[in-house]
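Could you put together the complete structure from these sequences and hints?
There are 2 protein chains.
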Amino acid sequence: MTMSGFLDARPRVGYFYSGKTANQLMGEHIRNLHVKDYKSMPVVITEATSVYDAICTMFLEDVGTIFVIKKEGYLIGVVSRKDLLQTAMGKQDLSSIPVGVVMSRMPNLITCTPDDTLHYAAQQMMRHQVDSLPVVRPFQGDTRHFEVIGRISKTTLAKAFVELGQHISV
Amino acid sequence: MTMSGFLDARPRVGYFYSGKTANQLMGEHIRNLHVKDYKSMPVVITEATSVYDAICTMFLEDVGTIFVIKKEGYLIGVVSRKDLLQTAMGKQDLSSIPVGVVMSRMPNLITCTPDDTLHYAAQQMMRHQVDSLPVVRPFQGDTRHFEVIGRISKTTLAKAFVELGQHISV
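Protein chains in written order, with UniProt numbering: chain W, 1 to 170; chain G, 1 to 170.
Any given hint might turn out to be false.
If you want the footprint, here are the derived chain W segments under chain G, 3+ residues with CB under 8 Å [stated by the list, open to error]:
{"#": "1", "region": "36-45"}
{"#": "2", "region": "77-87"}
{"#": "3", "region": "92-98"}
{"#": "4", "region": "101-115"}
Chain G is nowhere near these chain W residues, computed Cβ spacing over 12 Å in every case [stated by the list, open to error]:
{"#": "5", "residue": "31"}
{"#": "6", "residue": "71"}
{"#": "7", "residue": "74"}
{"#": "8", "residue": "141"}
{"#": "9", "residue": "142"}
Don't read these hints as lab results, they were simulated from the structure. Don't be surprised by glycine CBs; every beta carbon is placed ideally from N, CA and C.
In structure tokens, the structure reads:
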């Protein structure tokens, strides 16, 4: 009970009311969830991969966003289902267009780190109208480049929402 | 304070602890959010619309899912960005394929009603791996058909998550 933050324990005095409403506690609880505890596996391809193969990878891995890396391993772009659909509408041969041509590029990518809160990641997705964020850390200790170590998507948030709503009175 | 459900007021006796943890209260709060208060506008097309025009509508309206209706007005299908991408990968002429050929069809659609909880809608989306649900009611009083009156998507849930996390101590 004291763990909940709602009542503070005073030794020998019992409990007293901490002065917070349930809404405030809920807000605090949500702002204490971290990216590192919710991130899922990233799906990555290199920039030379064709748009056709990128679409196949998207279906095989069942994700809505793929991260694009240099062959050395650091993040250079993000390609979404929307980007690929736009390209696929054209008359071009999808197997001859490299994904590097249609992706969103660094430094215009929205990223998050393992230590960010899930709430911050959610705010970033809403603000920038993207469905997914790469979770990154400095690439081989070099802060100019990022290594992709995870993925946070709207599906991650939907799962967290379902989970939070499952706390029931016993 | 009494509104929060955490403390119950007893006239003349002051407050006593209601025996619920913050997690339980949070679960209850989330399970009290309803589809009718969160749904957004549905985007609908008729089954004769071409796949090409469906993709254009998806970009113009900036949605990930479009609902397909009979010209009489009731729901017969749902078409997602994923369905359209799969079709666009083929060699066919997209303006000659009606969306009715590539959509998911009734009775295999997952729907929700305005009185369902947002938590139920979220569970349905996760369970059936869809990004969006049509919010429906009986079509002209006929329970065999549905009228689409709204849309709940993973973006709706992401917005609700951001909102719940914004309750702060004052």
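### Task
May I ask which of the numbered hints given earlier this structure violates, with the numbers listed in increasing order?
Of the numbered hints, 1, 3, 4 and 5 do not hold.
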